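We have chain A; now place chain B onto it with these hints.
Chain by chain, the residues:
2 protein chains.
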Amino acid sequence: MTPLALVITTRSGPGVLHVVTGIIAAHSGDITSLTIVESSRDLTRLILEVSVQDAEALLADLAAAEPVTKVERVATFQHVFGKRVIIMGGGAQVGQVAIGAITEADRHNIRGEKISVDTIPLVGEQALAEAVRAVSRLPRASVLVLAGSLMGGEIEKAVRDVRAQGLTVISLNMAGSVPDASDLVVTDPVQAGVMAVMAIADTARFSIGRLSKRVF
Amino acid sequence: MTPLALVITTRSGPGVLHVVTGIIAAHSGDITSLTIVESSRDLTRLILEVSVQDAEALLADLAAAEPVTKVERVATFQHVFGKRVIIMGGGAQVGQVAIGAITEADRHNIRGEKISVDTIPLVGEQALAEAVRAVSRLPRASVLVLAGSLMGGEIEKAVRDVRAQGLTVISLNMAGSVPDASDLVVTDPVQAGVMAVMAIADTARFSIGRLSKRVF
Numbered sequence: 206m207t208p209l210a211l212v213i214t215t216r217s218g219p220g221v222l223h224v225v226t227g228i229i230a231a232h233s234g235d236i237t238s239l240t241i242v243e244s245s246r247d248l249t250r251l252i253l254e255v256s257v258q259d260a261e262a263l264l265a266d267l268a269a270a271e272p273v274t275k276v277e278r279v280a281t282f283q284h285v286f287g288k289r290v291i292i293m294g295g296g297a298q299v300g301q302v303a304i305g306a307i308t309e310a311d312r313h314n315i316r317g318e319k320i321s322v323d324t325i326p327l328v329g330e331q332a333l334a335e336a337v338r339a340v341s342r343l344p345r346a347s348v349l350v351l352a353g354s355l356m357g358g359e360i361e362k363a364v365r366d367v368r369a370q371g372l373t374v375i376s377l378n379m380a381g382s383v384p385d386a387s388d389l390v391v392t393d394p395v396q397a398g399v400m401a402v403m404a405i406a407d408t409a410r411f412s413i414g415r416l417s418k419r420v421f
Numbered sequence: 206m207t208p209l210a211l212v213i214t215t216r217s218g219p220g221v222l223h224v225v226t227g228i229i230a231a232h233s234g235d236i237t238s239l240t241i242v243e244s245s246r247d248l249t250r251l252i253l254e255v256s257v258q259d260a261e262a263l264l265a266d267l268a269a270a271e272p273v274t275k276v277e278r279v280a281t282f283q284h285v286f287g288k289r290v291i292i293m294g295g296g297a298q299v300g301q302v303a304i305g306a307i308t309e310a311d312r313h314n315i316r317g318e319k320i321s322v323d324t325i326p327l328v329g330e331q332a333l334a335e336a337v338r339a340v341s342r343l344p345r346a347s348v349l350v351l352a353g354s355l356m357g358g359e360i361e362k363a364v365r366d367v368r369a370q371g372l373t374v375i376s377l378n379m380a381g382s383v384p385d386a387s388d389l390v391v392t393d394p395v396q397a398g399v400m401a402v403m404a405i406a407d408t409a410r411f412s413i414g415r416l417s418k419r420v421f
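Just so you know, the protein sequences line up as chains A and B, in that order.
206 is the number of the first residue of the first sequence in the working numbering; add one for each residue after it.
206 is the number of the first residue of the second sequence in the working numbering; add one for each residue after it.
Excised from the complex, chain A in its bound form (with noise of 0.2 Å):
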């Protein structure tokens, strides 16, 4: 199977998206995401990443397509962007767990992986519960970083259930039940980042499962 990343420029009108699946699903194609990027009256443009036997076979049949006026081989996020460490929680903190793992992750890109770091300051129990929640669905999230003083109650029982499903957890050490609940505790931010990247680089000899200790 080939992925392969495309943008597909169409008429827009209701429908469109399902003669496009139509094609795809009759060259059993596995699509793994479709992003409209833009829509007005006339003209829609939209993302999609698939992974297909034969590829030639579907590019030609996309462009044949009543609704299909332009189709156009891009690079994959996967390829483009990476895997993605996610740090979240009080702006102060934050920016220095982003430099940890921002200048890890140039160690490692530059060996040849390819590894984003994406942030978010937030306040508050309830947006942040949301937030962790949400990571869970994010394409291409492999860790997530929380870095505050005080976070508990609600966060910490979306940290156990975006665990469950797989996510691993770095916590710094702070005030609340949150480091608990995490897969990893760490009290110095920069080091909190440049291990969030050592945990999912190929290029690294580090495994939090292969830790004797979990706090640090």
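Wrong hints could be hidden among the right ones.
Since copy identity is lost for identical chains, a pair holds within one copy or between any two.
Claimed, not checked - With a straight-line cut-off of 25 Å between C-alpha atoms, the simulated DSS-like cross-links for lysine-lysine are: (1) LYS418 with LYS362; (2) LYS288 with LYS319; (3) LYS362 with LYS319; (4) LYS362 with LYS275.
The set of hints was computed from the structure by calculation and includes no laboratory data.
Nothing here was measured: the structure is a model prediction, and the numbers come from that model.
Quick look at chain B alone, frame taken from chain A:
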């Protein structure tokens, strides 16, 4: 039209997406994105963002469809992560721009905005040009900051292309032709990050278009 984000669990198999998009087309729903977050031999979990007149009727028809086993309503990425500042380039500079952008985003998010700061440290003209072009395809990306010491050639062309598509580009003051191709040139990386956030925040009184000077 109500914007909805749904997590839909279905049986796995070719054509399932075609069924789901068919139901949405029948409700004149406007799909903005669709991502397959998990796909095993038996089950597929997909996230759908869609705007529709009658949300309850769509939810009922989706839940009743043959391949669907569960429909769950969640928060949209726009609601949780909001607009995105994208920073790319050398690790040292990307980290400093991130510090400025995260600190400034914190101040706006406290006042009710949602602004994320997403970064990738990269080396090399081709990798950077490819990443710049990919930003125009990233959902919710509002402004790009190029943070490095030397950028030109293919990167300059990519900057001109994405600006023509409506993206705002801020460049650090650096060697090469990228600063000349950008909307704004800033010498201090922390200030570049702050200005990037100010440029997209609804709570800021700042507009790059209204500046009489383009280099700081």
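Okay, the hints, checked on the actual structure:
1. LYS418 with LYS362: within (23 Å within a copy, 49 Å between copies)
2. LYS288 with LYS319: Both, since 6 Å and 23 Å are each at most 25 Å.
3. LYS362 with LYS319: between (31 Å within a copy, 23 Å between copies)
4. LYS362 with LYS275: Between. Shortest inter-copy distance 22 Å satisfies the 25 Å Cα cut-off; intra-copy 46 Å does not.
Violated hints for the displayed structure: none, as all numbered hints are satisfied.
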